[in-house]
Each structure stands twice: as structure tokens, then as C-alpha cells.
Amino acid sequence: MTAAELSAALAKSEVSATEVTQAHLDRIAAVDDRVHAFLHIAADSALAQAAEVDKRRKTGEQLAPLAGVPVAVKDVFTTKNMPTTCGSHILDGWHPPYDATITQRLKQAGAIILGKTNMDEFAMGSSTENSAFGPSRNPWDLDKVPGGSSGGSAAAVAAYEAPLAIGTDTGGSIRQPAAVCGIVGTKPTYGGSSRYGVVAFASSLDTPGPFGRTVLDAALLHEAISGHDPMDSTSIDAPVPPVVAAAREADVSGMRIGVVTDLSGDGYQPGVLSRFAEAVEVLESLGAKVTEVSCPHFRYALPAYYLIAPSEASSNLARFDAMRYGLRVGDDGSRDAEEVMALTREVGFGAEVKRRIILGTHALSSGYYDAYYGKAQKVRTLIIRDFDAAFGQVDVLVSPATPTTAFRLGERADDPMAMYLADLCTIPSDLAGNAAISVPCGLAAEDGLPVGLQVMAPALADDRLYRVAAAAEAAFTHRWGQPLLTSAKGLAS
Amino acid sequence: MPITRDEVAHLARLSRIALTDAELDHLAPQLDQIITAVAQVQEVAAEGIPPTSHATGLTNVFRDDEPRPCLTPEEALSQAPAVAQQRFKVPRILGEE
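One line per chain: the protein sequences are A and B, in this order. Under our numbering, the first sequence has 218 at position 218, and the numbering climbs by one with no breaks. Under our numbering, the second sequence has 20 at position 20, and the numbering climbs by one with no breaks.
If you're looking for bench data, these hints aren't it; they were derived computationally from the structure. Even glycine gets a Cβ: it sits at the ideal position worked out from N, Cα and C. Certain hints may be false.
To be verified - Under 7 Å between C-beta atoms, here's a sample of chain A residues computed to sit facing chain B:
id	residue
1	P97
2	D99
3	S233
4	M323
5	R324
6	V329
7	A337
8	M341
9	L343
To be verified - Here are a few chain A residues that sit away from chain B, every Cβ distance over 12 Å (derived from the structure):
id	residue
10	E19
11	D33
12	I41
13	A64
14	T189
15	G227
16	P239
17	S274
18	E281
19	A301
20	A322
21	G330
22	G360
23	A475
24	R479
25	L485
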């Protein structure tokens, strides 16, 4: 069942929150040894939350749409009375003393928190292989990666372990795993969803957002977590775009859709490009006006991102200093604080985190600042101008969500540049701070794995994403005769 | 501009990460490759283009300065590696002399 169907059944008391929660915990128990989507399963607190929702419903109280609907939460969000590791040994055993704003909003909405999902360490990666606790696996093919960094959240939803999940997107960490797992994932407008209580990776880019198996489900979760938060100084004080209404309308007639010509060609898998071309035809057949649009600076988005994000990370991750919380190594009385700090960070951080901290330290160091970080910030301006010019002509932009389908575990694990290419199509929207979604548009002919259609909209026009994605989803589901995920066979045996 | 093994060792010291020799051997060529790739940003003619540090354009955002509930000392110290006299206990920060 979808989250929307669960919500309706719960509202009519056809099923209890306790039954729904138990069913998902049973599914997790049955498949998560193979998928490894979860780092922590919160069975007791989930059932207690469910019992509370059932009790409130019995008294006739009007509850929010997600009351009693389970959700899996990426292990980057702080959760009181639950561990938060961020996929890192440096936070192994840390129990944050406070809830992230998004955790609070989920609890207030009555959503049931099933547990914490696996991720690349500190959200740095595109495969979950950088998790200190071992990778998650793709429910379409267990030898393939589920994408990353929010790969555990995407795998949990694709494996029916949770109807909904929360992730964060810094360079594509929601849309890329959604695309390669055949589900829906949205990066809301930067500042549209609160970062308070999200362990910081790159503060000017990090954006929490929803995963669902349908566009409407993602919209329901998007609406529940969004809105101004005084605890986050970058939170935008504006009304939440009407994403649920847009997902229900699913009408693109008369909409102007621009195909980004710069996001195709060399390095793109033929099966991805042919499914994307088909998706564009479908949108045209539904009454959209399709044109081609060029964004010439998008080719510099990836290099600019790999200067800006590591620079911010090198500063943000300085807080892991072994003094106030987290791991402390080598404090035997003979070493001073600086030596303990360096030893702890050596033991506590994985290879990718070290690479990025050192890269960021280099990009920010005197003598190199202007050539690297300073220049990347100017490129960021040029990318924003490309978007502004494009959105002067069209309502939304479309591209493939990823250049390839899911790759094999281990294939890119020690080849950082190959791994970074997984985010080629998603990074521009992160740098510009606008909104983007990935919605399944079929299976690549070569490998039978899912392909994602990316839709990008101007900041605070997140509703347009849902209008386009829902229209495409309806047309595709009609054509396929069933939802795409029905074809996922990784857990069939 | 290439990056040498010695420079990576220096950056690791600045970053307070006690890399092993084996890690330095492995990381230095990878970082060199990454830096060569990201240096592409220098191809872009960006004279007179203002930098963007942040996409929202918000500046000087403040909350009202009002007291409200916060963590107790016990909660704040609950995750510390070492505690003494209701304070974070840390290794020595000054040399012997």
C-alpha cells in the first residue's frame, strides 16, 4: 500500500497504526539482513508511538494525514533516545540529547519512526559504500549499489520496509538513490526544509527531503516536514508550496518544459538516454510545450561542487574534536589534546571523509583560495544565471536524474572521480538552491534497472515538480500496466 | 597545479588527522587527480562576476533574544568522553614547560 492509501485506511480505522507498524517491522525482520537499509531499528519506540496514535484516534481526535504512517529516517538527523552515527565510527554510540526540527515535525504529525537508515559517512558518497557500517544493497539487484548518500532510505522504501523515508540532498543524495532504486525522491528548495539537527556536511547546500514510492506520497511527506524554522537561520520564511494539491492535479497541459541539452551525450548510458527521450515524448503527448534549453555553465558544476562542498565540510567537521562528544582515542595521560584530536580523527573518519577534509583545507588555504574556492563561488553565480535565463523561457527543466543506472558494489569504491560522476545531473540544482525531483521513467534496455527523470523548478516553485512528476507517473503506470517497482526482483528468491 | 605527498602531509597536519604513511601513499595521487579535475573551474572567464556563498540571499537573520528551556548540564555532558566536576574533561592543552 502507498502512504496515501495507508493514511486513508488509518483515518477510517480500517487498520490500526499498531498493525501497520508491526507489518513494517516484520518486513524489516524478513529482508533487512539482505538489504541492510537500517543502522538502527527502533521497534519498541515505534510501537509505543503507534499505540499513542491509536489511542488518540479512538478519542475522536482529528489527526494529521501521516498519523500512524511509518517513516524511516536517515541517520544524519538527530533523534532523542536513539543513536545518530551519520555512518561514522566517530559518532558510534552517540545518543543526541535533542531532536532535529524534522524529527520533531514527524513526531508531531504522528508519523511512526521505524529507525535510522544507512548512509555514506557524513553524507559523502553516491553508493553507501562509504558507510563505516557496511553498504546497503539495491532491492532491484543485491549486487548493485542503492545510490547515496541517502541509499539506506531509498533502499528501505524500494524494499517495502517503509512507505516513506527522509533523506538529505547536498549534491544529489536524495535524487540519485531514488533514481537507481526506482522510487520518487525530492530535493526541496534550499531553506524550505530545516537543517536544525542535521549533522552538517556543506551548510550552503544540505537540504532535507522526502522519498516515496509514488509522487503523491513524496508530496505528503514534503508538506509535513516543510516550513519556516526559527532555529535555522537559512530557513525561508514563506508559505510551503502547494505540493500535495499539485500532485493530485497532475496536469501539464500548456506547461513549458525545457530539455537541458547540456545534460546528455558522452558518459551517459544509452538506455538512460532512450528512456529519458521517451519521458519527454510522454510529457509532450500530455499537452506540455517542449523546447530545448542550453545551460552552458552546467559543465563546470561538478568541479565547482567538489571545491565548495569539501571546503564547507573541512570547516564543519572540525567540530569532531574528541572533546565534548563522540569518539576519543589515545587519551592515556601522555598525549596532549592536539595529539588526541589527530589520533581520534585518524581512527574515526573513513577514507572519503579524510579525502574531502584535506581537499577542502587545500582549497581554502592562503595562496590557493582565489584559484579554487573563490573561483568556484563565481562559477556558482554563473550556474544560477543559467537557471535564471532558462526559467525566463520555461516553467521547468528536465534531464536524466543520473548518467547511468545502478553500478556494481565495489566498481567505483576506490576511484573517487568515477564515483563523483554519479551526481553530474543533480549538482546544478544544489548549487542554485532551487527544487528538483526524480521520478521513475522505466528500465534501461541493457540491464533492466530503473532510470529516473529529473524535473527542476525555480526556488519556492516546488509544486511544479509534483505537477509534472505526477502527470508522467500516471501516464507511465498506465502504459506499464503496473507500478515500476513491481518488476524489482532482487528480493524475490 | 599538482599536489605533492609532502603537501598532503602538511594539509593532514592542519586538519588534525594523523594519517599513516600507507594512507599518504594512497591519498596523495588521488588528491592530485581530483585537484587537477576541479581546477577546470579556472577555465571559466569570471572577471567581474560576484561570488555566491549562499543561494537564498538572506543576511543577518536573528531570532528574538528570549530565554527559553535548554539542555540541563547533565544532558549537555551526557555524551562527553570524560567529565569532571560538571565540566568536559580534556587532555592537557599546554606543554610541560
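Here's how the hints hold up against the structure:
no.: 1; hint: P97; verdict: holds (4 Å)
no.: 2; hint: D99; verdict: violated (12 Å)
no.: 3; hint: S233; verdict: holds (4 Å)
no.: 4; hint: M323; verdict: holds (5 Å)
no.: 5; hint: R324; verdict: holds (5 Å)
no.: 6; hint: V329; verdict: violated (9 Å)
no.: 7; hint: A337; verdict: holds (4 Å)
no.: 8; hint: M341; verdict: holds (5 Å)
no.: 9; hint: L343; verdict: holds (5 Å)
no.: 10; hint: E19; verdict: holds (35 Å)
no.: 11; hint: D33; verdict: holds (30 Å)
no.: 12; hint: I41; verdict: holds (21 Å)
no.: 13; hint: A64; verdict: holds (24 Å)
no.: 14; hint: T189; verdict: violated (9 Å)
no.: 15; hint: G227; verdict: holds (15 Å)
no.: 16; hint: P239; verdict: holds (16 Å)
no.: 17; hint: S274; verdict: holds (29 Å)
no.: 18; hint: E281; verdict: holds (32 Å)
no.: 19; hint: A301; verdict: violated (10 Å)
no.: 20; hint: A322; verdict: violated (6 Å)
no.: 21; hint: G330; verdict: violated (9 Å)
no.: 22; hint: G360; verdict: violated (9 Å)
no.: 23; hint: A475; verdict: holds (32 Å)
no.: 24; hint: R479; verdict: holds (37 Å)
no.: 25; hint: L485; verdict: holds (33 Å)
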